[in-house]
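**Student:** In case you want the letters, here they are:
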Amino acid sequence: MFDKYIVCDEGFRARGDGHIGGVVEVRMPYYRGLRLSMVEGVDLVLDDKPIAPERTTFTVHGNTYTFDQMPSVTYDRWEFGERAELAFETDEPLATGEHEVTVSVRLRLSYMPVPGGGRSTKRLTFAA
Amino acid sequence: MTDTAPGLPQLGTTLFSLTLEQRAPGNDLAALLRKVATRELGPGVEMVAFQSLRGWPRLDDAAVRKVRGLIADSGLTPSCLAINLDLALQPGRLLSDDEAYEYVAVQLRGAASLGFPAVRVGVECGPEIMTRLLPLAEQLGVKIGVEIHAPLTIDAPPVAALKELFTRLDTEWLGFIPDFSASMRAVPAAVDDAHRKAGIAPELTALTRQLWAQPGPTMAKFPQLEQRAAELGAGQAEIGNLKMIFTMHGRMEPERWADFFPHVIHVHGKFYGVFDGPDGPSDPSIDYPAIVRVLREQGYTGFISSEYEAHAYTGLYSAFDQVRAQHDMLKRLLEAEPAVAR
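If you're matching them up, the sequences are chains A and B in order.
If you're matching positions, the first sequence starts at 1 in UniProt numbering and goes up one per residue.
If you're matching positions, the second sequence starts at 1 in UniProt numbering and goes up one per residue.
Hints are computed from structural coordinates only; laboratory data are not their basis.
Just so it is clear, the structure is predicted and the values come from calculations on it, not from any experiment.
Any given hint might turn out to be false.
[What the hints assert, rightly or not] Dumping the calculated DSS-like pairs for lysine-lysine here, alpha-carbon to alpha-carbon at most 25 Å:
1) A:K4 with B:K66
2) B:K243 with B:K35
3) B:K243 with B:K197
4) B:K243 with A:K4
5) B:K163 with B:K197
6) A:K122 with A:K4
7) A:K122 with B:K197
8) B:K221 with B:K243
9) A:K49 with A:K122
With the rest of the complex left out, here is chain A (with noise of 0.2 Å):
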């Protein structure tokens, strides 16, 4: 229920790395923070073209992990309310202006009776 605040609608830009591509910057699905290690996936399409999660990274304040990394991430967590970066490598730069993204988060809540999560899809303007 929570899936209207995954994508936020600031922060959609260039890396600062010199690597091409983009950060997204996105937010837990849930009433709490978790462990990393129970954030089993984040997702990101872009423009109807799926990237892979090899070439994404996910950065809490100011920690960056790689999605292989975070199965074993049980020290750091995703705060509740926290912009988390999701950062993409791209083969192409992005246009300047509007683009559609879309985040499927996929948590592993031990107490749930359906898979923990959400997904969300919103047009950003990229900043380059």
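Here the structure of chain A is known, so what remains is to put chain B in place on it, guided by the hints.
**Tutor:** Frame of chain A; chain B shown alone:
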């Protein structure tokens, strides 16, 4: 504060009620505590540690001093800290008993350092872990309560096992936190709006409501819902959403709350909306007079934490106004219900 007369349950608020408000800029812990106090929604204050406390459960001394100071400045009384046992912390397996003990123990110590007299855990914190936690709870002076939230009932096997444990140990440090959600008389109307917005066909929501209203334990109805919803063309995601109606809204008779006693350490006043009607404010989905009667009969004097959760379905109402309305209704009912000679 919504003070109740001596000898009655005390009222309070869990900051979980303000889940949507917490997403608004500027509404940090200090601001929320101040707003709860200013609107006189105490005296009790509860919070979800993994929601309200950045860095939990590893708060350094400065952070502990800061949180204690904020609560003290607000004039609110810490009632309970909701903590979590994340059994699925590691991929592919559940935590061992040793790991589960440590996961809760560090949070119990954290609750003590913040001045909370009690913590809330879920039913996944079973008899084995609870027994191991007892000496630490006693040493720290922090009670541990297992929340009985929908779809659990007093008769559910894990709850019955805890009842047996609490009776055998006869200790004040372990017990239950019954939640109003376990005993609802109707599914809140806001569910229909939320389902419509999520693109779920009204006939699927109606089917789920109809199954919900039938007699019998909620837990047994899950397979029936899956089958009948699939026959109507529902996909897995939709069925998951429909199942949440069973998960969030229990149907245990309010009178059965008597069976949680004398092991009740705290109460959660989960609710989805108090509305003005021809006979004054009332809640269509919870039978407050019936629950209040049991609490008075049992001589309960602990806290009832108001836990507004319609924010999961709608952002139309102010949680502050809703908690105010629930407090006013609870206070009136509690003070009208005669104490029963014991």
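**Student:** Could you run down the list of hints and mark each one as holding or not?
**Tutor:** We went through each hint and held it up to the structure:
1. Of the pairs offered as hints, the one joining A:K4 and B:K66 is violated, with about 32 Å between alpha carbons and a cut-off of 25 Å exceeded.
2. A distance of roughly 35 Å separates the Cα atoms of B:K243 and B:K35; the hinted pair therefore is violated under the 25 Å criterion.
3. About 17 Å separates the Cα atoms of B:K243 and B:K197, which keeps this hinted pair within 25 Å; it holds.
4. For the given pair, B:K243 sits about 21 Å from A:K4 by alpha-carbon distance, which is consistent with the 25 Å threshold.
5. Taking the CA atoms of B:K163 and B:K197, the gap is near 41 Å; set against the 25 Å cutoff, the hint is violated.
6. Between A:K122 and A:K4, the direct Cα distance comes to roughly 9 Å. Compliance with the 25 Å bound is thereby established for this hinted pair.
7. Under the criterion of a C-alpha separation no larger than 25 Å, the hint pairing A:K122 with B:K197 is consistent with the structure, at around 16 Å.
8. Pair hint B:K221 plus B:K243 holds up; C-alpha atoms about 9 Å apart against a cutoff of 25 Å.
9. Taking the CA atoms of A:K49 and A:K122, the gap is about 14 Å. The hint holds against a cut of 25 Å.
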